[in-house]
Amino acid sequence: MHKENAVPVLSGVVGFFDDPESLTEAAAKVRDSSYKQFDCFTPYAVHGLEHAQGLPRSKVPYVTGIFAFTGTATAFAWQYAASATWWPHIIGGKPMNSLPAFVPIIFELSVLFGGIATFFGMLAFNRLPNLKKRAFDPSITNNRFAIMIENPNEEIEDEEEHVAFSPEQAEQFLKSVGAKDVRKVYNEGWFS
Amino acid sequence: MATANHETLKPIQDVLVTGDRTFAEVNEDVARPLENFPTGKWWVCFIAAMAAFFMGAVLLLETFKNGVGLWGLNQPVGWGNDVTTFVFWVGIGHAGTLISAILFLFRQKWRTGINRSAEAMTIFAVMTAGMVILTHTGRAWLAAFWLLPYPNQRQLWPNFRSPLEWDVFAVSTYFTISLIFWYTGLVPDLASIRDRAKNKVRKFLLTIASLGWRGSNKQWVHYEQAYLIFAGLSTPLVLSVHSVVSFDFAVSQLPGWHTTIFPPYFVAGAIFSGFAMVVTLLVLAREAFNLKHYITMDHLEKMNKIIMTTGMLVGYAYAVEFFIAWYSGSTFERATFINRAFGDYWWAYWIMVSCNVFIPQLFWVKKFRRSIPVMFVVSLYVNIGMYFERFVIIVTSLHHDFLPSSWANYIPSWVELGMFTGWIGFFFIWFLLFVRFLPSIAMGEVKSVMDQPRKGASHA
Chain A
1 MHKENAVPVL SGVVGFFDDP ESLTEAAAKV RDSSYKQFDC FTPYAVHGLE HAQGLPRSKV
61 PYVTGIFAFT GTATAFAWQY AASATWWPHI IGGKPMNSLP AFVPIIFELS VLFGGIATFF
121 GMLAFNRLPN LKKRAFDPSI TNNRFAIMIE NPNEEIEDEE EHVAFSPEQA EQFLKSVGAK
181 DVRKVYNEGW FS
Chain B
1 MATANHETLK PIQDVLVTGD RTFAEVNEDV ARPLENFPTG KWWVCFIAAM AAFFMGAVLL
61 LETFKNGVGL WGLNQPVGWG NDVTTFVFWV GIGHAGTLIS AILFLFRQKW RTGINRSAEA
121 MTIFAVMTAG MVILTHTGRA WLAAFWLLPY PNQRQLWPNF RSPLEWDVFA VSTYFTISLI
181 FWYTGLVPDL ASIRDRAKNK VRKFLLTIAS LGWRGSNKQW VHYEQAYLIF AGLSTPLVLS
241 VHSVVSFDFA VSQLPGWHTT IFPPYFVAGA IFSGFAMVVT LLVLAREAFN LKHYITMDHL
301 EKMNKIIMTT GMLVGYAYAV EFFIAWYSGS TFERATFINR AFGDYWWAYW IMVSCNVFIP
361 QLFWVKKFRR SIPVMFVVSL YVNIGMYFER FVIIVTSLHH DFLPSSWANY IPSWVELGMF
421 TGWIGFFFIW FLLFVRFLPS IAMGEVKSVM DQPRKGASHA
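Line order of the protein sequences matches chains A and B.
Oh and the first sequence: position 110 is 110 in this note's numbering, straight run, nothing missing.
Oh and the second sequence: position 131 is 131 in this note's numbering, straight run, nothing missing.
Honestly, the hints are just simulated from the structure, not real lab data.
None of these values were measured; they are calculated from a predicted model.
Heads up, some of the hints might be wrong.
As the list claims (entries may be wrong) - The list that follows gives simulated cross-link-like pairs (lysine-lysine, DSSO-like), each with its CA atoms no further than 27 Å apart: (1) K36/A x K184/A; (2) K109/B x K367/B; (3) K180/A x K109/B; (4) K175/A x K109/B; (5) K109/B x K184/A; (6) K455/B x K180/A; (7) K184/A x K455/B.
Between the sequences and the hints, there should be enough to build the whole structure, so can you do that?
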C-alpha cells in the first residue's frame, strides 16, 4: 500500500446530508438512477433507509437457524451417547435415554450455537473486521449522513475492463439530489 | 383539524433525552469521561474496590491452601454463603439482558439510555458469580475436570441428568451470549470514539476494537437483524438461566427446596435484584459523569416501578410457599416453613421480607419514585434483602434435615465474609474500568430515539 508515487485509486464520490429525511429521499433517487453501486453512511440505523436504498432482507437469520438446529442435534446426540452408551448408569431410576432431563442442555446449546453463529455470520456478511477501507469522515459516526456513489472500477486492475464512470457527473448528480458537501474519496486502508 | 396549533399539542412519545441535545453533543457528553483523566471520586472508588478485592484474594488463597474447612460449613449445612453469593450475583446479572433483550422486543425505547451500562453490569455480575461458584468447589483448578464433559482416558462423563450440570451450561451460555450481544452493541460506539481520538495508540486500539466499522447502511441492515436475533435468543435464555439455577434446589427432595414455584419465583427475584443494582449504579454514574440528560428521572421512575412490581411478585411467592406448605399436608414441609419464619433464623427471614416486600411499597408514592435519595436507599435495601432471600432458602432448608440429631446452625466465618466483600470489590473493579474506558451510553441507539434533525432546519 505504501508504493511511492502510486496513483491513488478512487473509491467513489460522497455527498453529505444533515438529516435522515433528506438522506432517505436522496437514497431513493440514487436507487432509481443509473448508479447501481452506492451505499449510505449513517451514525445510527436509520429505519426505512434500507427500502429507499433498495437493500434485500438480511440473510443472518438463516445462519442462526442452521446453527441453532445444529446445537439442538449436537446436545441431544452428545447427552444420549454419554448417558446411554459410553457411560451407562441408572441414576434416580431414570431410563438411559432420559430425554426430559436432557432438555435444559439441549436448549442452552441451541442458543449458544445460534448466538455465536449470528455474531460471526453478521461479521461475514458485513466483511468485518474491515482493515482495507478507512472511514472517510469522522462526522459519519457523529452527526452527519452520507451517500457514496462507488467507483465500479475500484477493484478492477485491468484498465481495459473498466466501465465508463465519471466522478464529476456523479458529483453533479449528488448535488442535484440535495447533498450539501460533495467530494471524492480515495481508497485508503486503516493502517497504510 | 388542519389549523391545530402545534405548540399546544403534547408529544405522543416520551422525551427520552432531555436538554435539547444535538447528535454531536451526545458524542461529546458520552466521550467526556473516556477522554479525561479520571476524577478523584473515581480513584477513591477504584482503590476501595481494589483493596476489597485484595483482601478477598488473600482469603481465597488461604482457602486454597487450607481447604474449605476455613468456612463455617458443617454437616448438614453444606451450602452456605458460597452458594448464596453465587445465586446473588447471577440474579443481579439478569437485569441487563432483561433491559437489552426483552424491552427491545417490546419496543420500549427508554431502554436505550440505560442498556449499555446494565448489560455491562450483567457481564461483570455473571463473571463474579462464575468465580464464586468455581472457587466454592474448593479446588477450583480441578473444576474443569468435574464440570465440563470432554472425552478422557478414564471414559468418565458428567451426569447430564443433574441440575448442577445444567447450570454449568446455562451460566456459561448466558455469559457468552451476553458478552457478544454487548460487544455487538459496542462496535458502532467504539467507532464513534475512534473517530474522535487524537492519540495514535488510542486510535489504533479503537480501530481494532471497532473492527473498522464505517457506518455503512449495508452493514447496518445485517447488524440490526443480528441485534434482533440476539434479543430473541436472549429473552428465553435469561428466563432459562435463573430457572435452571432454581432447579439446583427444586429438583432435590429437600422440604423448602422441592417446590414447583421456584423457577418463576427465582426469575422474578433475579429481575428484582438486578434492577435494584442497576438503580444503585446508575444513580451514582449519572451524577459522577453528568449523564442526567440521558439517564433521566423518567428512566429511573420506570425502573422503580419494575422494582415494586417484581418485589410484589416475590412477596406473592413467599406467601404461596407458606400456603402450599400448609395445604399440601406435608408435615416436613410445614415444619420447614414454620422454622423459617419463627426458628433460629427468624431474623434472616424477616430482614428478607422487610427489604423485599415492605420497603419497596414506598414506590406507590410518585414523589418517592422520583426522589434520588429514596430510590438509592431502597435499592440498597433490596440488594440486602435479596442476599438474605437466598441465605434463607439455602440455610434454613438445610440446617433442619430429616434427622433431628444432625440439626445444626450455620454462620458464615470471617473468611467467608471477607471473601464476600472481595467479590463485591471484584465486581466494582470491572464496572469502574468500564465507565472509564468504554462509552456507557449506547450513542448509536440514543440518537435513533432522539428528536431527529428536520429537513431544511439549520443544524447547529
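For each hint, the structure was consulted:
With a C-alpha separation of about 17 Å, the suggested pairing of K36/A with K184/A holds against the 27 Å cut-off. Distance restraint check for K109/B and K367/B: the Cα-Cα separation of roughly 24 Å lies within the 27 Å cut-off, and the hinted pair is therefore satisfied. Pair hint K180/A plus K109/B does not hold up; C-alpha atoms about 31 Å apart against a cutoff of 27 Å. Straight-line distance between C-alpha atoms of K175/A and K109/B comes to about 35 Å, which puts the hinted pair past the 27 Å bound.
Restraint check for K109/B and K184/A: not satisfied, since their Cα atoms lie roughly 37 Å apart, outside the 27 Å limit. Between the alpha carbons of K455/B and K180/A the distance comes to roughly 12 Å, so the proposed pair stays at or under 27 Å and holds. The hinted pair formed by K184/A and K455/B meets the criterion: a straight-line CA distance of about 24 Å does not exceed 27 Å.
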